[in-house]
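**Student:** Turn these sequences into a full structure, and let the hints guide you.
Each chain is listed here by its residues.
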Amino acid sequence: MCLLSAFPLLENSLLCIPSFLNLIISSLFPETETLPEVDIQEQDELLRPWKVLVVNDPVNLMSYVVMVFRKVFGYNETQATHHMKEVHELGRSVLWIGEREQAEGYVYQLHRWRLQASLEKDD
Amino acid sequence: MIKFDLQVSLSFLEALLPYLGKVLRETSGRFAGERFALPKSGDEDLNAAWREGLIEDGRADRLTFSRLLGNPKLARGQVEIPVDDVDDVLRGMTELRIHLREHGLKSVNDEDLENGRIQIESLQQNVRIAYLGYILLAEMQERLIQEVS
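Those sequence lines, one after another, are chains S and F. For the record, in the first sequence the residue sitting at position 13 is 13 according to this note's numbering, with numbers rising by one throughout. For the record, in the second sequence the residue sitting at position 33 is 33 according to this note's numbering, with numbers rising by one throughout.
Not one of these hints is a red herring.
What follows is a list of derived Cβ distance ranges for each label pair:
no., chain 1, residue 1, chain 2, residue 2, range
1, S, Gln102, F, Arg76, 41 to 49 Å
2, F, Leu63, S, Lys71, 14 to 22 Å
3, S, Lys71, F, Ala48, 21 to 29 Å
4, F, Ala37, S, Lys71, 19 to 27 Å
5, S, Asp122, F, Asn71, 44 to 52 Å
Dumping the calculated DSS-like pairs for lysine-lysine here, alpha-carbon to alpha-carbon at most 27 Å:
no., chain 1, residue 1, chain 2, residue 2
6, F, Lys3, S, Lys71
7, F, Lys106, F, Lys22
8, F, Lys22, F, Lys3
9, F, Lys73, F, Lys22
10, S, Lys51, S, Lys71
11, S, Lys85, F, Lys106
Calculated from the structure, these hints are not laboratory results. Yeah, the Cβ is synthetic: ideal placement off N, Cα and C, and Gly gets one too.
**Tutor:** This is the structure we're talking about:
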C-alpha cells in the first residue's frame with residue numbers, strides 16, 4: 001500500500017513507487033534503515049487476512065468439537081454448535097479470519113486438541 | 001475433583017484397560033497429529049518447532065492420561081480426575097482414539113465407524129478389541145465433557 005494513500009492527489013504519483021520513495025527517504029535521512037523489498041512483501045503477507053479452517057474427521061465426537069471451539073475461540077454454545085455442524089455436514093468451517101500470527105496461534109491450539117485445522121489466505 | 005461411574009461391565013474393563021495401556025505406550029514419542037497441515041510448508045524451522053511443540057504437549061497429555069488408566073478405581077468403573085487434569089485427559093483420549101483409528105481399525109471404513117454400523121461378531125479378534133477400546137474411550141470422553149460442561 002502506498003504511504004501517501006492519505007493524499008489522493010499524490011497517490012498515483014512517482015512518490016508512490018517504493019524504490020523511488022526509498023531513495024528520497026534515504027537521502028533525507030541517511031541513517032534511516034530502509035527495509036528490503038522482500039521484507040515489505042513478507043509484512044504485507046502477514047497483514048493480509050487469513051482464515052482458520054477446520055475440516056471433518058471421523059474420530060472426534062461432536063460434543064468434543066463443540067467444547068474445543070468454545071475453549072479456543074471463546075464461542076458460546078450456539079456459535080460453537082453452528083461451526084461444528086458446518087464441519088460435520090459441509091466438511092469444513094471457517095472458524096476465524098484475521099492476522100496471520102494470531103491465526104497460526106489458533107491453528108496450533110486446534111492441532112493440540114487434535115482437530116484437523118489449517119490456514120488459508122482470505123482472498 | 002471430577003467423579004463419575006462408567007456404565008460398563010467390570011469384565012469389559014478388565015480386558016480393555018491393559019490393552020489401552022499397551023497402546024498408549026506404543027504411541028510414546030509420536031503425535032497423532034503428524035498428518036496435520038503445518039502452516040508454512042516452506043519454513044522448515046517453523047515446521048520443526050511446530051512439530052516438536054505438539055510432540056512435547058502430546059507427551060504431557062499422555063502422561064496425565066496414563067495416571068488415570070493406572071488408577072485402580074478405574075478398573076472398578078469409577079473415574080476420578082483432578083479438575084486441572086481434565087483437558088490433558090481429554091486430549092490424551094483423543095490421541096489414543098486417533099491411533100486406534102489409524103492402526104487397529106484401519107480395515108473399518110469411516111462411515112461405518114461414525115454411524116456405529118459395525119457387526120462386532122464379524123470383526124477379527126484384534127480389530128474387535130481395538131473397536132471396543134475406541135468405544136470405551138468415546139464413552140469416557142462423552143461423560144467427562146458432560147461433567148465439566
